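Trainee: Dock chain B against the given chain A, drawing on the hints supplied.
The lines below spell out each chain.
Protein chains: 2
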Amino acid sequence: MQSFIEEEEKTYEVVPFTWPKGYKADGVYVGLRKNPEKKDMGWLYSEVPAQAAGTYTTNQFQAAPTKLTKQTINKEHLLQGIVMNTANANSVTGKQGMIDALQMQAWAAEKMAVDSDLVGVASTGVIGEPLPMNLIKKGVDKLQLLDNFYVTEAVLTTDKHTKTISTQIELDGQTVTISGFCKGSGMIHPKMATMLGFVVTDAKIADGALQGMLSQEVDSTFNQITVDGDTSTNDMVVTMANGLAGNEPIENDDSANAQTFLNAYNAVLTQLAQDIAADGEGSTKLVEVNVENAANHADAQKVAKAVVGSNLVKAAIFGEDANWGRIIAAIGQTNAQVDVDHTSVWLNDLPLVTDSHSADFDEAVMKQTLSENKITILVDLHSGNATGQAWGCDLTYNYVRINATYRS
Amino acid sequence: MQSFIEEEEKTYEVVPFTWPKGYKADGVYVGLRKNPEKKDMGWLYSEVPAQAAGTYTTNQFQAAPTKLTKQTINKEHLLQGIVMNTANANSVTGKQGMIDALQMQAWAAEKMAVDSDLVGVASTGVIGEPLPMNLIKKGVDKLQLLDNFYVTEAVLTTDKHTKTISTQIELDGQTVTISGFCKGSGMIHPKMATMLGFVVTDAKIADGALQGMLSQEVDSTFNQITVDGDTSTNDMVVTMANGLAGNEPIENDDSANAQTFLNAYNAVLTQLAQDIAADGEGSTKLVEVNVENAANHADAQKVAKAVVGSNLVKAAIFGEDANWGRIIAAIGQTNAQVDVDHTSVWLNDLPLVTDSHSADFDEAVMKQTLSENKITILVDLHSGNATGQAWGCDLTYNYVRINATYRS
Numbered sequence: 001m002q003s004f005i006e007e008e009e010k011t012y013e014v015v016p017f018t019w020p021k022g023y024k025a026d027g028v029y030v031g032l033r034k035n036p037e038k039k040d041m042g043w044l045y046s047e048v049p050a051q052a053a054g055t056y057t058t059n060q061f062q063a064a065p066t067k068l069t070k071q072t073i074n075k076e077h078l079l080q081g082i083v084m085n086t087a088n089a090n091s092v093t094g095k096q097g098m099i100d101a102l103q104m105q106a107w108a109a110e111k112m113a114v115d116s117d118l119v120g121v122a123s124t125g126v127i128g129e130p131l132p133m134n135l136i137k138k139g140v141d142k143l144q145l146l147d148n149f150y151v152t153e154a155v156l157t158t159d160k161h162t163k164t165i166s167t168q169i170e171l172d173g174q175t176v177t178i179s180g181f182c183k184g185s186g187m188i189h190p191k192m193a194t195m196l197g198f199v200v201t202d203a204k205i206a207d208g209a210l211q212g213m214l215s216q217e218v219d220s221t222f223n224q225i226t227v228d229g230d231t232s233t234n235d236m237v238v239t240m241a242n243g244l245a246g247n248e249p250i251e252n253d254d255s256a257n258a259q260t261f262l263n264a265y266n267a268v269l270t271q272l273a274q275d276i277a278a279d280g281e282g283s284t285k286l287v288e289v290n291v292e293n294a295a296n297h298a299d300a301q302k303v304a305k306a307v308v309g310s311n312l313v314k315a316a317i318f319g320e321d322a323n324w325g326r327i328i329a330a331i332g333q334t335n336a337q338v339d340v341d342h343t344s345v346w347l348n349d350l351p352l353v354t355d356s357h358s359a360d361f362d363e364a365v366m367k368q369t370l371s372e373n374k375i376t377i378l379v380d381l382h383s384g385n386a387t388g389q390a391w392g393c394d395l396t397y398n399y400v401r402i403n404a405t406y407r408s
Numbered sequence: 001m002q003s004f005i006e007e008e009e010k011t012y013e014v015v016p017f018t019w020p021k022g023y024k025a026d027g028v029y030v031g032l033r034k035n036p037e038k039k040d041m042g043w044l045y046s047e048v049p050a051q052a053a054g055t056y057t058t059n060q061f062q063a064a065p066t067k068l069t070k071q072t073i074n075k076e077h078l079l080q081g082i083v084m085n086t087a088n089a090n091s092v093t094g095k096q097g098m099i100d101a102l103q104m105q106a107w108a109a110e111k112m113a114v115d116s117d118l119v120g121v122a123s124t125g126v127i128g129e130p131l132p133m134n135l136i137k138k139g140v141d142k143l144q145l146l147d148n149f150y151v152t153e154a155v156l157t158t159d160k161h162t163k164t165i166s167t168q169i170e171l172d173g174q175t176v177t178i179s180g181f182c183k184g185s186g187m188i189h190p191k192m193a194t195m196l197g198f199v200v201t202d203a204k205i206a207d208g209a210l211q212g213m214l215s216q217e218v219d220s221t222f223n224q225i226t227v228d229g230d231t232s233t234n235d236m237v238v239t240m241a242n243g244l245a246g247n248e249p250i251e252n253d254d255s256a257n258a259q260t261f262l263n264a265y266n267a268v269l270t271q272l273a274q275d276i277a278a279d280g281e282g283s284t285k286l287v288e289v290n291v292e293n294a295a296n297h298a299d300a301q302k303v304a305k306a307v308v309g310s311n312l313v314k315a316a317i318f319g320e321d322a323n324w325g326r327i328i329a330a331i332g333q334t335n336a337q338v339d340v341d342h343t344s345v346w347l348n349d350l351p352l353v354t355d356s357h358s359a360d361f362d363e364a365v366m367k368q369t370l371s372e373n374k375i376t377i378l379v380d381l382h383s384g385n386a387t388g389q390a391w392g393c394d395l396t397y398n399y400v401r402i403n404a405t406y407r408s
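In the order they appear, the protein sequences are chains A and B.
Take the first sequence: its position 163, counted from the start at 1, is 163 in full-length UniProt numbering, and no numbers get skipped.
Take the second sequence: its position 29, counted from the start at 1, is 29 in full-length UniProt numbering, and no numbers get skipped.
The shape of chain A in the complex, shown without the other chains (with noise of 0.2 Å):
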C-alpha cells in the first residue's frame, strides 16, 4: 500500500500494523458472505476499559448498530470491545434491528467477560434486511482473543484490501502506538462521521479530553472524503485509548506532548481517509484536491470536496481528459467566495488554468501525467489565505457495475 504521507512533517513513525499494548482481536467466516475465504465476523478487545469517542452519520435513517454504540459511549465514555460484522448493516430494520444489536452486544460482552456497557457493536452491508442472529451467535462462539489483525479483514464490504496503519511517538520514555484501520467503499460522503472506522491506543487520555480529539480530527479528515456523494447510514468512527502505554496523561491543549499525539493520531486519520477515497468502489485513481487563498478555512473545504465530488470531474479523470472547465463549473457551484476572474488551477503541479484562462499546457503532457495513479488538483481562489482539502476518486464503469448488481 502507498503512503500518501508527505515525509517532511513527520513527528511519528508509521510502522508495521501492530495492535497497541493491551489489545486483542480475532476475524472469523460464519457464513454472512458468500465467499469462506473472506472473514465476515471479528471483534476487538482492551485488557482494560478504555476511554472512548465515537463520531456517527447524519443520516436520520441511524442503524441500530449506530445508535447502539454511540448511546454505549455517551454513557462512561469507556469500551472495552467492539463487536463487528459485514455483509448485513442491521439498518432499517425497525424494533427487531434494536434488539438484535442489544443481543449482539450482550453475547459479545459475555464471551469477553465484560459487561455489555463496555461492548461497541458495528455493521455494515445491505440495508434493510433481519440480521441472521444464528450466523451472529456462531460467530461470537468463534471468536478468541488473539493477536492477529483478521477483525481488519471483517468489516469489508466492496472494498478491494484492509486499511490499516499503526503510527508509534515517544511520549514521557514511553513508546504509544495508535493503530486504525476502516473499510470504505460506497455510500461514501462522510457528514460529521464517515463509514466504519476504528483507532485504539494504549495512550493515556486525560479524562473527557478524547471526544474532542476525534471530533477535531475527523473534521479534516473522513469528512473530507467522498466517493459517490451518498451518506451511509451505518457510519461511524470509533477510538479507544487504554493507557496502558504509561505516559502521563494527554490533554487536548497546546502542549508539545499533545500536540505530538494528535500529530500521529492525525496521520492515522489521514491515512485510513485517504486509503478510503483511493479504494472508492470501482476507482483507478486517488483524487486529492487542495484549495488554497481561500477566504476562509470553511470555503477551502467546501469547494475541495465540489470538485472532488464532481461526477463529470472524476468521469474526465478516469477518462485522463484535462477538461478543466469542469473543474471551474464545481468550484462556481458552491457559495464560496470566489475570484471569478483570477482563479487558477493545477494538475500535478502543471499549470491548468491561470487567472480564469486556459494555461498554455500540453494536452500530451497533461495525458500523461493523468495516467498516474493519484492526481493532485490545486486550487488558488486569490480571495484569502485559508487552505482546505479533500480526497476522492475516479468515476468508472467498474462504479456502476459494482451498483447496478450490488445484492446479486
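Just so you know, the hints here were simulated from the structure itself, not pulled from any lab data.
Any given hint could be a false lead.
Stated by the list, open to error - BS3-like, lysine-lysine: derived pairs with alpha carbons at most 25 Å apart:
1. 302(B) x 302(A)
2. 67(B) x 138(B)
3. 34(A) x 367(B)
4. 75(A) x 111(A)
5. 138(A) x 67(A)
6. 21(A) x 302(A)
7. 367(A) x 138(B)
Claimed, not checked - If we take Cβ atoms under 8 Å as the criterion, some of the chain A residues that face chain B in the derived model are:
8. 94
9. 98
10. 102
11. 128
12. 187
13. 330
14. 332
15. 342
Because the structure is a prediction, the values reported are computed rather than measured.
Heads up, the beta-carbon is just placed ideally off N, CA and C, and yes, glycines get one too.
Mentor: Only chain B this time, still in chain A's reference frame:
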C-alpha cells in the same frame, strides 16, 4: 417521443410542434461540430418585439452569453430574437468571451434588422475555448427567417434527440400557442435555472407579469431535475411572448385565463424538464420521484431531488435491482422532517417499504417493473400533507464513457 404528461389534468391540447404566430427560425451547419449532418448554429425571431423573461445559472462562473442575455432582457424585458450555437460554451473565456458574445449579438441583430438590445445570445458546449468567430460570422450569414425547426437541433450537445413541445389553449376566442424546446444532457443540476430552454408564445401577457410566471414555474419543473449533480455555467431558460394571438393581456393572478395559460405553460416546462431527465447522458430510464405527506413543500422537493440524485439509487435502477435501502439512505441524508419509523416507498405503485420495513414484495415482480423505461418512486414521509416531485435518470456505463471522452 413518449408523453409523460398525465391525461386527466389537461386544460390545453398538446399539438405537433409548431411556431406560435409571428415567429421565424432557422438552423445551419457551420463546422463547430464535427458531424456535418448536425446543425450547430441557429436562431429564433419574432416579427414584433416580444415580452421576455429569463432565469439563469447560479454558477459563479456565469458564461459570457448568459450574462449578456440577462443584461439584455433586464433592460426592458423585451426580445425580438435569440441567436444560438452549440459545441462551444463561450464560458470562462475572460474579456474576449464577452467581446465575442457582443459581436455575435450585433451580427445577428444586423441581419434581423433589429436593435442589438432586442437579441439574446445562447451558447453551449466545451468550456474554456475561444469562440471561433469566423464560423459564427459564417453562420449568421447563412441563417434566414424561415418556418423550419432546425434551431431545435442547433442547440444539442450530447442529447440523443431534439426536445420540443407545443400546446394550444383558447383565450378570449383566440388560439394561443406555447412552444418550447431545450437541450440537455450532462452537467444537469439546475439551481434557479437550467440548461438551455426556450419557450415562445403568441399570448399577450400583461406588462411585467412574464418574469414572475417563468420564475414560479421553473421552480417546480427545471429546478427539479438532475442528471449528475453538476450545475452548468451556461444554464438559462428564456421565454418570449409576442402577443400576436390577440387575447386580452394575461396577468399573473388567479383569473381563469391566467390559470389556463399557466397550466399549459407549466405543461410545456414540465415536458421539457422530463425530456432532459429522460435523455440524461447515458440514461436508459426516466426516473420520477413523487413525495407526499411531507411537512412542507420545500421538504418534499428536497427529498424528491435527493432520491433522484443519488448515484447509488441511479445505479441500482440501471441494474434493475430493488435495493430500497439506498432510497431510504438518500431520504435520510436530507434535513427534511422524516418520520423514520413510518416512512413508506412504492416503486411503480408496488409497495417496496412499509412503515420503514421491507414490504413483503416479490423480487421477480420488482425486477419486471424495473425493466420499464419509466420508473416512478413514491415516498410517503408521514410528516404532513405537502407534496413534491423531481426527475432524473439512471447511472450507466454510457454516462461514464461519454464523460471520460467528452473532448475527444
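Trainee: Now look at each hint and say whether the structure bears it out.
Mentor: Hints, one by one, checked against the model:
Distance check on the hinted pair: residue 302(B) and residue 302(A) sit about 20 Å apart at the alpha-carbon level, within 25 Å; holds. At roughly 24 Å between alpha-carbon atoms, residue 67(B) and residue 138(B) fall within 25 Å of each other, so this suggested pair holds. At roughly 22 Å between alpha-carbon atoms, residue 34(A) and residue 367(B) fall within 25 Å of each other, so this suggested pair holds. Between residue 75(A) and residue 111(A) the CA atoms are separated by roughly 21 Å; this keeps the pair inside 25 Å, and the hint holds.
With a C-alpha separation of about 24 Å, the suggested pair residue 138(A) and residue 67(A) falls inside the 25 Å cut-off, and the hint holds. Taken as a hint, the residue 21(A) and residue 302(A) pair is broken in the structure, with Cα atoms around 39 Å apart against an allowance of 25 Å. Straight-line distance between C-alpha atoms of residue 367(A) and residue 138(B) comes to about 34 Å, which puts the hinted pair past the 25 Å bound. With a least beta-carbon distance of about 5 Å to chain B, the hint placing residue 94(A) at the interface is held under the 8 Å criterion.
A least Cβ separation of about 11 Å between residue 98(A) and chain B goes past the 8 Å threshold, and the interface hint is therefore violated. For residue 102(A), the interface hint is violated, the least distance from its beta-carbon to any beta-carbon of chain B being 18 Å, above 8 Å. For residue 128(A), the suggested interface contact is upheld, since its CB lies about 5 Å from the closest CB of chain B, less than 8 Å. Below 8 Å, beta-carbon pairs count as interface contacts, and residue 187(A) has one with chain B at about 6 Å; its hint therefore holds.
The restraint placing residue 330(A) at the interface with chain B holds, with a minimum CB-CB distance near 7 Å, inside the 8 Å limit. Satisfaction of the interface hint for residue 332(A) is found here, the shortest Cβ-Cβ separation to chain B being roughly 4 Å, below the 8 Å cut-off. A distance limit of 8 Å between C-beta atoms decides the matter here; for residue 342(A) the minimum to chain B is near 11 Å, and the interface restraint is violated.
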